[in-house]
Amino acid sequence: MNESLSGFLHTLLSSLRDLAPIILVIGFFQLAILQQPIQNLPEIAAGLFLVVLGLTFFIYGLEMGLFPIGEAMAEALARKGSLPWLVTFSFLLGFGTTIAEPALILVSSEAAKVAAAGGMISDTLQDRESYANGLRFTVAFSVGLAILVGVIRILKGWPIQYLIIGGYIGVVVMTLFAPDEIIGLAYDAGGVTTSTVTVPLVTALGVGLASSIRGRNPMTDGFGLIAFASLTPMIFVMAYGIII
Amino acid sequence: MEFLREFGHSLISTAGDMLPIVVIIFGFQLVVIRRRIPNLKRVLIGFFYVLLGLSLFLMGLEQAIFPLGEQMATQLSDPQFIAQSSGHSAAELYWYDYYWVYLFAATIGFSTTIAEPSLLAVALKAEHVSGGTVAANGLRIAVALGVAVGIALGSYRIVTGIPLYYFIVVGYVVVMIQTYFSPKFIIALAYDSGGVTTSTVTVPLVAALGLGLANSVPGRSALLDGFGLIAFASLLPIIAVLGYVQLSEWMVRRSIDKESSS
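Taken in order, these protein sequences are the chains called A and R.
Here the first sequence stands for residues 3 to 246, numbered as in our numbering.
Here the second sequence stands for residues 87 to 348, numbered as in our numbering.
Just chain R, same shape as in the assembly (with noise of 0.2 angstroms):
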């Protein structure tokens, strides 16, 4: 009975969410295209699904992976536990005694962004459209990584206090020395894959890691220092893509070049 009342949250909470978006689809296509839609039918059930993932999906993520893993990021970050790992007293901890919490913002965003459903679905749309040449699984790896390394930069950032914009000016900036090299085709698909990366499964656990060390670290506040993780995570990936197409880029060129000069 509970996972009935439960389930009927979630449901109705999912379908507010998707109520705007069914009425000015189904509002402009009544009003101004007014041809009827391919295959009605199956839209709709692919709606009713659509719906009833995301419930399932959002339930269980608050039953089973939220809980344990914000009370353990405000675990991992707590001075008491760094403290003891790194054997330093907690009133002088140097920014790399916080080399769990490093991992764990590392870890935590690689695996919560391979679970992402967006990312998910931008992933297969660019590989239908590139004929393959762009690799869903591949795709989604590269991002992962970016965002890995995203948040364990970020963590770190919250740990010593250097101002955010520093850290996002330079980002900018490699991404525009990268686009510059970047063959054509790549360039949109990787600034697109930078906003996908953080919605349904990275905010809330990246969230908790954030404002449990703002917390924790002396001298920082929650209100100005937690805030960013997920900026963070929004910009590397696009570096992380640009990076994995350049990188196979060079390693074809120089296998020709060996070929041709043997």
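Chain A extracted, bound-state conformation (with noise of 0.2 angstroms):
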């Protein structure tokens, strides 16, 4: 028990050490350069009193739920040898966890205003939702098919700069002929599909994936899952914008 508590205390301590930069830069530019005095100082403490708290608690669940579920799996995928049920697993997993995401509702429907202010669809709130929704469904489907990609590279043992440097050429074919004003929209949208519960797991899936077929590194198979995720729905976003 006593061995737990100071274990807890050290992770409680890592966690503050990797809040004090933020807490340094605010604190710099409001004190130092705008010269403002902090409002409501104590409601501040304590949020990030529960920041710190929060993290610690995040990394326990990461080691004790998130990573060994991930790995075991994958691998009791592996064993099982179907390729289907391990395609359709991967293909979920992306798409059922990015359709619920809660900054891909916010920046869909933000994109549905964008679409409706430029004129490429009629400004009522049935249009836009159905446009919003219809991205959102597109977003879903083409990390749930970056997902299954990347579990086949893992499978094959493709080298995984050929994949990434082909989406590439993708991401910049479409740029050419995606309107301007779906562009910038379709860029961010790679970055914010992954959540922070997805990460831990699809991680520990590839490296679980990597570490239990024979002939395949975890550490150069393993990882890449994420950067299929971030890549994909570039290129459908742009595909989308065309479309519609």
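Don't take every hint at face value.
Derived CB-CB ranges, DEER-like [what the hints assert, rightly or not]: (1) G29(A) with G113(R): 26 to 36 angstroms; (2) P86(A) with Q157(R): 31 to 41 angstroms; (3) F51(A) with Q157(R): 46 to 56 angstroms; (4) E45(A) with L105(R): 23 to 33 angstroms; (5) H174(R) with I171(A): 14 to 24 angstroms; (6) G113(R) with D182(A): 38 to 48 angstroms; (7) G217(A) with P124(R): 22 to 32 angstroms; (8) S172(R) with I246(A): 40 to 50 angstroms; (9) L15(A) with V108(R): 49 to 59 angstroms; (10) R122(R) with S6(A): 19 to 29 angstroms; (11) L105(R) with E65(A): 21 to 31 angstroms; (12) V117(R) with E65(A): 26 to 36 angstroms.
Since the hints were derived computationally from the structure, they do not count as laboratory data.
Note that CB positions come from ideal geometry on N, CA and C, so glycine has one too.
Assemble the dimeric complex from its two separately framed chains, guided by the hints.
Rendered as structure tokens:
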């Protein structure tokens, strides 16, 4: 009990250290550059305490829950040797976690406003909503596809750079044809899709898969799933912009 | 009481985000794999900790950091503030008059990336898998430096109005050249680090900065130019991580050369 308490305190301290730069930056700009006092200091201190506590619990949960289950599932699916199930699982994991992602819901409704203001769709609530939903579905589908392709890459042991460079060429070609309004948004869509719960799970899946297949190296083959998941949404969102 | 209400709200919304993942995992476990999950109790406690941790984390961010950070991003990009700090009148500002904005962009990019939980997760995994060759903190600092340069460069782009895809295409070319010269073990991890930098902590603050700048710089539209900062924050870390490994390899090789020649 005593030992776990000291472990907890240790993690708490390192969370505090992770947070120190933000506190310094905000404090410096607020006091030295903008020269304004910080209002509701007690409330902010309480909030910071919650952030530190939350980060600590998250790290504990990561090591106890997300990492082990991701690796256990990868291993079980690899041992089962059924490619269709593995592929289904990868797609669903990517699709399912993205469609519910709050950042994506926010960004797609913003995008609908941009599209309506730019005259791409008519500015009615119904049209905006169907545009936003279509965009969300597109992004979620592209992330599902990305995890699927990434998993097949791990199985086959393809070098990642060829696929990524192919993806980059796809992005550049799409940029030439996509309407201007969608480009910035499409580039950003790649960054917002991967949430804090998805990332550890997907990473553990890749590493677990690469460790349980003979001839694969968890370091060179296990990583890279997230890279695909941030690349395909760019291509698909621009395609969506061209079609609509 | 207020605290409990807010906490409950945060807990429910995080649970909603986690629900699809839990359904998929346990659905597959029951239907396809049909084997007991090893250490089920421990895993469930772990999931509960993740839920609790993320809820507290988000609640604290919304209470302490987001309001202040967003307000500061707006104030720093305000033309009046920039005119006052640069000594030029608000009507004739040059791109270099925005130096406080660039500095804020870089430092806030660096510091939020250090606190980003998903980057921490990937860095821990990478340290474990590589047997310590890739140090978790070294990786995080390299990524954070990449984000810092990326957000500052992105702010410069909004101020000057240079099209986004020029930067992105040049960035891709740099990544390809670096990939060619990099050791194989780092490539996949470096590509991954581009995607994990921008989530819970970074996106809201950076989006506020982008929209604030696009609103205040004459001739920019928030709709067209406000987006795009996150793209920079996902591209530059790849370059930074590849560069970090190349630099450390080069230094090792140089010290070996020195020893053999003396």
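We went through each hint and held it up to the structure:
no.	hint	verdict
1	G29(A) with G113(R): 26 to 36 angstroms	violated (47 angstroms)
2	P86(A) with Q157(R): 31 to 41 angstroms	violated (52 angstroms)
3	F51(A) with Q157(R): 46 to 56 angstroms	violated (21 angstroms)
4	E45(A) with L105(R): 23 to 33 angstroms	holds (31 angstroms)
5	H174(R) with I171(A): 14 to 24 angstroms	violated (43 angstroms)
6	G113(R) with D182(A): 38 to 48 angstroms	holds (42 angstroms)
7	G217(A) with P124(R): 22 to 32 angstroms	holds (25 angstroms)
8	S172(R) with I246(A): 40 to 50 angstroms	holds (43 angstroms)
9	L15(A) with V108(R): 49 to 59 angstroms	violated (31 angstroms)
10	R122(R) with S6(A): 19 to 29 angstroms	holds (26 angstroms)
11	L105(R) with E65(A): 21 to 31 angstroms	holds (22 angstroms)
12	V117(R) with E65(A): 26 to 36 angstroms	holds (27 angstroms)
When each numbered hint is compared with the structure, violations occur for hints 1, 2, 3, 5 and 9.
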